[in-house]
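Position 93, counted from 1, in the sequence shown is what numbering that gives the first Met the number 0 calls 92; the numbers after and before it change by one each time, with no gaps.
No lab work stands behind these hints, which were simulated from the structure alone.
Here a beta-carbon is modelled for each residue, glycine too, at the ideal position from N, C-alpha and C.
It is possible that some hints are incorrect.
[As the list claims (entries may be wrong)] Pair by pair, the computed Cβ-Cβ distance ranges are:
(1) 50 with 15: 33 to 41 Å
(2) 96 with 41: 15 to 23 Å
(3) 154 with 96: 33 to 41 Å
(4) 112 with 33: 30 to 38 Å
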Amino acid sequence: MKDDKLEWIFASSDNQQLADRYDRWATQYDADHDGWGWIGPVKAVEQLCALGAISTVLDAGCGTGRVGVELAATGWDGTLVGVDLSAGMLAVAAETARYERLVQASLTELPLKDGSVDAVIATGVFTHGHVGPEAFPEVLRVVRPGGWVVITCRSEVWAELEPAAADHEAAGRWSLHQRTAPESFHPGKDVEDNQPQSVVTWQVC
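Modelling step: build the complete structure from the supplied sequences, incorporating the hints.
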């Protein structure tokens, strides 16, 4: 495993390699992110909780369950479902005991019914070598009308996602609610890897 784990992860060539690499990283993932001061889950949960009453949430690309831990810390007691490609990451997430259900699946083939959740949250997922706008249709499918999609996104990745997001908005599928001002989400990481990020929120139509 390379010393620069983010670069190693971002260089994954397909979903199988991505899942395999996360399996190898799973037991050290939280310690590494704590060392980098990763605040993406905190920032995304803050935005989610500001949206009003939400009872059912899909944590898309849930990883080790950091969103579940942050949601529980706010006192939220709704139903949380986690989906991730990596069995190793899901095993760590299960130890948090914050999820009603954890499923190994791709975001382009979500094992949920149409309109079955109030919100989807995804932190560190829509990024290099992971998930792109091809996942938007499935995310939109599983959120009820009036529900929410909340993601963290690096500024340079947002430039790639924005055209597809705008197309879905023009088609009346969702509307952009907010994109927070870009800031460091890895304040403890080396400067060259510490690109600014935002939380982006849409409301599903």
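Status of each hint after checking the structure:
1. 50 with 15: 33 to 41 Å: holds (35 Å)
2. 96 with 41: 15 to 23 Å: holds (20 Å)
3. 154 with 96: 33 to 41 Å: holds (35 Å)
4. 112 with 33: 30 to 38 Å: Holds: the Cβ-Cβ distance is about 36 Å, inside 30 to 38 Å.
In the structure shown, no violation is registered for any of the earlier numbered hints.
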